[in-house]
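Asks: Listed here are the chains, written in short residue letters.
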Amino acid sequence: MWQELHEELGPQGLVIVAVALDEDLDTIRHCARDESPVTLTYPVLVDRDHLLAEHYGIVNVPTTVWIDEQGRIVRPPAIAPADDKFRDFTKVDSSLHHTALRRWVRDGVAPLSDAEIRARQELPDADVQQARAERRLAVHLLRRGDTDRAQAHLAAALALAPNDWTIQRGSMPLRGEDPFGQAFFDFYESWEAAGRPGYGA
Amino acid sequence: MSARATLLDDDRAVEVRATPRADTFFVPADELERATGWALKPEGLCRADVCVPVRDRDALVADDGLDLRMFAGTLGRPVALEPDAGIAVLGEAPTTLRGDLDSLVAPAFTLPDLDGRSVSLSDFDGRKRLLFAWASW
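Chains as they are written, first to last, in my numbering: chain A, -17 to 183; chain B, 10 to 146.
For reference, chain A alone in the conformation it holds in the complex:
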């Protein structure tokens, strides 16, 4: 879908920049190249340190942010599924995002007022910021093979940011957990019980 939108809206001025919040470069390459049913012609960047999550207040994926020609955010981070394959989980009609995107690119219709953008922006608190620092330290320790220290810092991150998917689900592969298995369903249930926080709109 993103490749389709890239081909459709690229000639009308849109640039799609994909950023993978992933530690394992081989896995990202596999997803973006070997497993992809189409050849991706937009840039795919690798953010092993989750700098994008930190600077934009991104707490889950797939998330989009719209930025205009002058470098202003016109739509803050929000969940944007490519299609409706997981709609039972996301409860998001994917076409709404793509329709609004076309209107913005083709017709210049801004999707939100400045006040609406600010109201929808997820803002980091001290605990989430500390969790991001702990996670980042943990992945660097893991790269050095310092597993015990890494796991201690991952545990600290998990405790500080119980509803942040980039911390919780994103660290499952680093903890030997399956992000599509029981660990995910346990997290999903606790996140849902907390009111599905941070899902954007």
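Watch out, some of these pointers could steer you wrong.
[Stated by the list, open to error] A short, non-exhaustive set of chain B residues, derived as facing chain A with CB atoms under 10 Å:
1. A12
2. A38
3. E40
4. E91
5. D93
6. A94
7. L130
8. K137
9. L139
10. F141
No lab work stands behind these hints, which were simulated from the structure alone.
Where a beta carbon is used, it is the ideal one built from N, C-alpha and C, also for glycine.
Once you have looked at the hints, place chain B on chain A.
Replies: For chain B alone, coordinates are given in the frame of chain A:
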């Protein structure tokens, strides 16, 4: 004992002299300034035209440098560190991030692509951009 540590701050990774002690590092002021841009001055910790007052200078500053944990705390920034492993991560202050996001100016970033080439948000200035954050998990 003097050792070295890697200090990760935003998209920089800088090697500094650092003395591990208890649950923190002490980093010489000039090394810390080189790594982070923050300098210790009579009026406090300063970078460019901004200074942050230091409440307890004796606690922050020792013979072998500044206590990294107190340095971060003075700036309101999170820090995660492993003194014995020689590595520390300085995060961004929540108040700074909130101010940046409230400005609606898209934060700059530079990241490698799948082939290791650096790509910046500003490479696409003058065009509409859709950032798409995804992951394998």
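Asks: So which of those numbered hints doesn't the model satisfy?
Replies: 1, 2 and 3
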